[in-house]
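Keeping their order, the protein sequence lines are chains A and B. The first sequence begins at 1 in the working numbering and counts up one residue at a time. The second sequence begins at 1001 in the working numbering and counts up one residue at a time.
Don't read these hints as lab results, they were simulated from the structure. Ideal Cβ positions, reconstructed from N, Cα and C, are used throughout, including at glycine. Any given hint could be a false lead.
Not the full set, but computed from the structure, chain A residues with beta-carbon under 10 Å of chain B [claimed, not checked]:
no., residue
1, F97
2, D226
3, S238
4, P277
5, K464
6, T469
7, V564
8, A565
Derived lysine to any residue pairs resembling SDA-like cross-links, with alpha carbons at most 25 Å apart [to be verified]:
no., chain 1, residue 1, chain 2, residue 2
9, B, K1471, A, R576
10, B, K1566, A, T571
11, B, K1462, A, S455
12, B, K1580, B, Y1391
13, A, K509, B, F1266
14, B, K1506, A, E273
15, B, K1464, A, E574
16, A, K30, A, W588
17, B, K1222, A, E273
18, B, K1471, A, S562
19, B, K1566, A, R576
20, A, K464, B, E1265
If you want the building blocks of each chain, they are given just below.
There are 2 protein chains.
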Amino acid sequence: MFGYAGKILHVDLDTGKSSVEEIDEGYCRKYIGGNGFGIRLLYDHAPPGVDPLGPENPLIFAVGPLAGTTAPTSGKYVVHTRSPLTGFQGEAVSSGFWGIALKQAGYDAVVIKGKSEKPVYIFIDDDVFSIRDANALWGKDALETLELIREEIGDDNVRSASIGPGGENLVRYANITNDRHRQAGRTGVGAVMGSKNLKAVTVRGTGSVTVADMEGTLDHCKELYDVCQSPLTGAYRSLGTQVSVMIHQNQAALPTRNWQDSVFEFAEKIGGEYIHPRWVVKTLACAGCPIGCDHVTLVSEDEEGKVMASVEFESLYALGSNCCIGHFPDVNKAVDLCDRLGIDSISTGVTIGWAMECHEKGLLTKEDTDGIDLRFGNAEAQRQVIEMIAYQKGKLGKMLAKGSKAASEELGEGSEKWAMHNKGLEYPGYDLRGLKLSALGFNTSNRGGCHLRNSGYDYDLKGKVDRFTAKEEYGALVMGRDDLYSITDSLMLCKFSRGVLDDYEKFVKIYNLVTGFDMTEEEMRMAGERIWNLEKAYNVREGWKEEDDYPAPRIMKDPITSGVAKGHLVTKEEFRMMHKAYFKERGWSSEGIPTRKKLNQLGLGWIADEIHKEAD
Amino acid sequence: MFGYAGKILHVDLDTGKSSVEEIDEGYCRKYIGGNGFGIRLLYDHAPPGVDPLGPENPLIFAVGPLAGTTAPTSGKYVVHTRSPLTGFQGEAVSSGFWGIALKQAGYDAVVIKGKSEKPVYIFIDDDVFSIRDANALWGKDALETLELIREEIGDDNVRSASIGPGGENLVRYANITNDRHRQAGRTGVGAVMGSKNLKAVTVRGTGSVTVADMEGTLDHCKELYDVCQSPLTGAYRSLGTQVSVMIHQNQAALPTRNWQDSVFEFAEKIGGEYIHPRWVVKTLACAGCPIGCDHVTLVSEDEEGKVMASVEFESLYALGSNCCIGHFPDVNKAVDLCDRLGIDSISTGVTIGWAMECHEKGLLTKEDTDGIDLRFGNAEAQRQVIEMIAYQKGKLGKMLAKGSKAASEELGEGSEKWAMHNKGLEYPGYDLRGLKLSALGFNTSNRGGCHLRNSGYDYDLKGKVDRFTAKEEYGALVMGRDDLYSITDSLMLCKFSRGVLDDYEKFVKIYNLVTGFDMTEEEMRMAGERIWNLEKAYNVREGWKEEDDYPAPRIMKDPITSGVAKGHLVTKEEFRMMHKAYFKERGWSSEGIPTRKKLNQLGLGWIADEIHKEAD
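Using the sequences and the accompanying hints, generate a full structural model.
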């Protein structure tokens, strides 16, 4: 008889040993998979106050319970660790085909601790585990590494998640790449991997994935695929996330020149409508995905041949408008460079944007930049700095490799005022000054300035709320989405399944068909709330304070300069009002700490003592 | 050598005679075609103050210069007349294949005057013109008529534009139907046709359409078809205009229960996402259209068999939410009924919504309604009243057949306060109280409450302006779109070609390729302004005054009751502020009258004397 249960592979790089842990139905129901498993494993395996780049910090990979089934967009995986960029929960999601491979090899999660003496990579060959020498791979770029491992093993069907030079050199926003175009991009998970001398995690999964109700699952997924023909997925299908450039531009929500402006004079030239007919050569889909949002661009140039890249909206903002670069081939090249070097294009672009403003204001002279003319719009300079960051070259490279928070604290002279991050994580391309629900949602995200943990912009940009007016009721809306998306991220569905798999009724239906459990909608909702609270508790354990959620100073001080949102900003008072309403809605203390009562309610009483010095 | 020139067929139903007029390049360049030709012909051929239902009121059909070419979405036609519903410019656009047939028969426009003694239809058989007996067709429904004429002529390739019983019985918002699913719906053009004892205009066009630069046109149109793969057309392709129900609902912009509410509790059940998988059986495209927005629904019922209809967003609002009917099969049936009876579903639904509110408030008792329980949500009652309107049955049918303006004036007792129209034309489904640019745009439309003459909602609903704040600058935005869309409607392109053919550069390119002219962008823009000013001058000649543009009382008095737009309305002061700014932007007098200077500038000096009693 089928009984769904999770299997976790534990790896100790100090000893080279591995072991397998089985987790029971109770654990699965409480934490679902993916993000839920990840945060629980992080809470359990990371010692409080662990050095993010020290051997004791665990690096955790997890997939969802639907991985390898026919559920649409279920091919994602997540990486957890203590973030070297924020000091709080580190978390990054990727997609492609690596997650499916891990599941087919028999695992739901991998927990990696310790540090290898010399460069290695892990090979999970179904149930055979080995640690292999990576001396020849060390120093290779992330994309090349994927190919070299395939060649070495002699099988095109192995899937690797690899770091590039950025991860090796401990850039605090280094990422992990798989399937060439997909990255676990944010919070510096690649630096943690590099700190362990671990170049890649390679998987060959050839087993089959069993579901409780095969016929029911197939029938239901057929329906879901039909629903996938919705207008929203249609936009991503036809133009990819590149479509968002002009949507943001029209709403004066496209941060430009390090958020000095919110409308970009060259936006049209880096928007999907313009890019698509000129450079898009192929659209790709991840495992089990009927959308295929990945619009691969190929730019032919005289000097250096052809550059192929997968340029998402966030990169068009961070490396484009935010650095005032409006010539698409330049952005394409910068993205390719970031991907090869293995550093997050959002954090890279935003940190460079900060440095460009420092240069503009005379705080970074040519002496500080090793002679680079770091003015806004200088694409050549941008590429030089990207290389300096990845290799921690020079004073500038070393400073910027720390991210905009630490860099601005190091430089000082008021430059913190235009460092565009929350909790150290650089903001994505949504000008929060005219998106007030998002201002709450992005800044209360447990991993820092982030658009994915509740996607508040869905309310603001589609006019479902008055985006120019801060309201207490946004507390409840953000909380509802936090919890809902905790399940999306634990089932490990793509956010682009909006409209297809986006409420508890739908979550429970597919989850029960696959697992054979009898979860109710309320139990699922509570699991979402539990996961969110556990993340928060983790952050509180690592020193989170109310002020850490406050938006970057520029969001609270410098109004938007032009366009429909002209004059708008989010005052500290407005943010506090929404923030307090959010805490209240969550049943947390008025300073935002999960109460004993709330933790007990969610079956998290066992952590209450750790985060509460005294009873409340 | 090819020389583009227009040909107009003049028909006199009093005498049964016809004649052909050729128009020269100068006329074409000044008025472009379609709407431009229509308003110029109306101005020339309608005597001032003409009785809209008298024989002297001309009924004008016109197509655009791109009809019959490969230009995408160019298969539309327009009908002009003095409106029996508004007393101002009557104008209604339809699509399908009728317009192409007229062009292939050799004509750009048909002007019909006089009145036949007995029911007839016109048959334009390429260059052979005849008037045929329609005694056997009189009383038949509009859809049946199209088939009966095909049978009579014995050719499936003839295209007819026909009226139903509504037009025969002079319902002031009767429409004209072609190709089964397409209607020239608004302002009562079907009543004018009925007043002439004219059942149909049938065309067999077998000629070819010549263009100046064949190769250039083909190449360019190939590019345009590629661009048609844009996200916006994608939404209409996948879900039709039915997609708009949930978009409006989410923004609290879906008028409900005669605009007493703006959020409809059953919206989801009449939205595209819900309808599509259940009832849509086929999608249809008009001539030369790569979008195919027509999502035909088929509802099977036990009692009365199957009902097929083409249910657009506007019908889902007018006959659905506005009458509080949330069961899609009911709306489907009501739309089929309106289409067969040949009455405009928007005006029908809004007028019935008004009557339902009168019933709710005790102003229309069962005695007044011939015993019908006219409460909101009663679908059976709605269908009964639709029949009463079309046949002008009973006191209620006669009153409602006049439209909500005249009906409310007749009933009195304050019911004008909830009659939802501008200048007599019932509003489409956009709650203007929270769409303030649209409030200006819809109400300054020359044909009355209309979303198509400038589509101001494109700014409001997509967040390109702050929709909750009235601003002077909307004057310029609305004027810009008025003029631009005057060209769209004169080239006779579909509004859904937004993103494909939507600026003067693109207009000029395709127009010059087809005609061989050398129009500049500025000349084309000025043509748009000219056409708009000529429409306005026509209305001024027929008695237009500033107050005629004011929004319906409810929009200025009763705030939105729930949802994101809760509390919003457009005060008279706000409207006046935008209105005056609009007049100023247009170079009109402060009371909104086109000045001699402006008319002279546009080459319309010849009408200045008619609308100006004295010099200004």
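| field | Holds or violated: K1471 (chain B) to S562 (chain A), with C-alpha atoms at most 25 Å apart | value | holds (15 Å)
| request: Take the C-alpha atoms of K30 (chain A) and W588 (chain A), compute the straight-line distance between them, and say whether it is at most 25 Å. | output: holds (20 Å)
| said: For K1462 (chain B) and S455 (chain A), compute the direct alpha-carbon distance and say whether it is at most 25 Å. | reply: holds (18 Å)
| said: Can you confirm whether the C-alpha distance between K1222 (chain B) and E273 (chain A) stays at or below 25 Å? | reply: holds (16 Å)
| When the nearest CB of chain B is found for P277 (chain A), is that gap smaller than 10 Å? | holds (6 Å)
| Is K1566 (chain B) close enough to R576 (chain A), meaning Cα to Cα at most 25 Å? | holds (24 Å)
| Given the hinted pair K1566 (chain B) and T571 (chain A), is their alpha-carbon gap at most 25 Å? | With a Cα-Cα distance of about 23 Å, the restraint between K1566 (chain B) and T571 (chain A) holds, given a limit of 25 Å.
| query | Close enough to count: is the Cβ of D226 (chain A) nearer than 10 Å to one in chain B? | reply | holds (6 Å)
| When the nearest CB of chain B is found for T469 (chain A), is that gap smaller than 10 Å? | holds (8 Å)
| message | Checking one constraint from the list: CA of K509 (chain A) to CA of F1266 (chain B), max 25 Å. Satisfied? | response | Distance of about 24 Å is within 25 Å: holds.
| query | Has the given pair, K1471 (chain B) with R576 (chain A), been kept, meaning a C-alpha gap of at most 25 Å? | reply | Roughly 30 Å between the alpha carbons, so the hint for K1471 (chain B) and R576 (chain A) is violated.
| Should the hint that K464 (chain A) touches chain B count as held when the rule is a Cβ pair under 10 Å? | holds (5 Å)
Hints 1, 9, 12, counting from the list given before, are not met by this structure.
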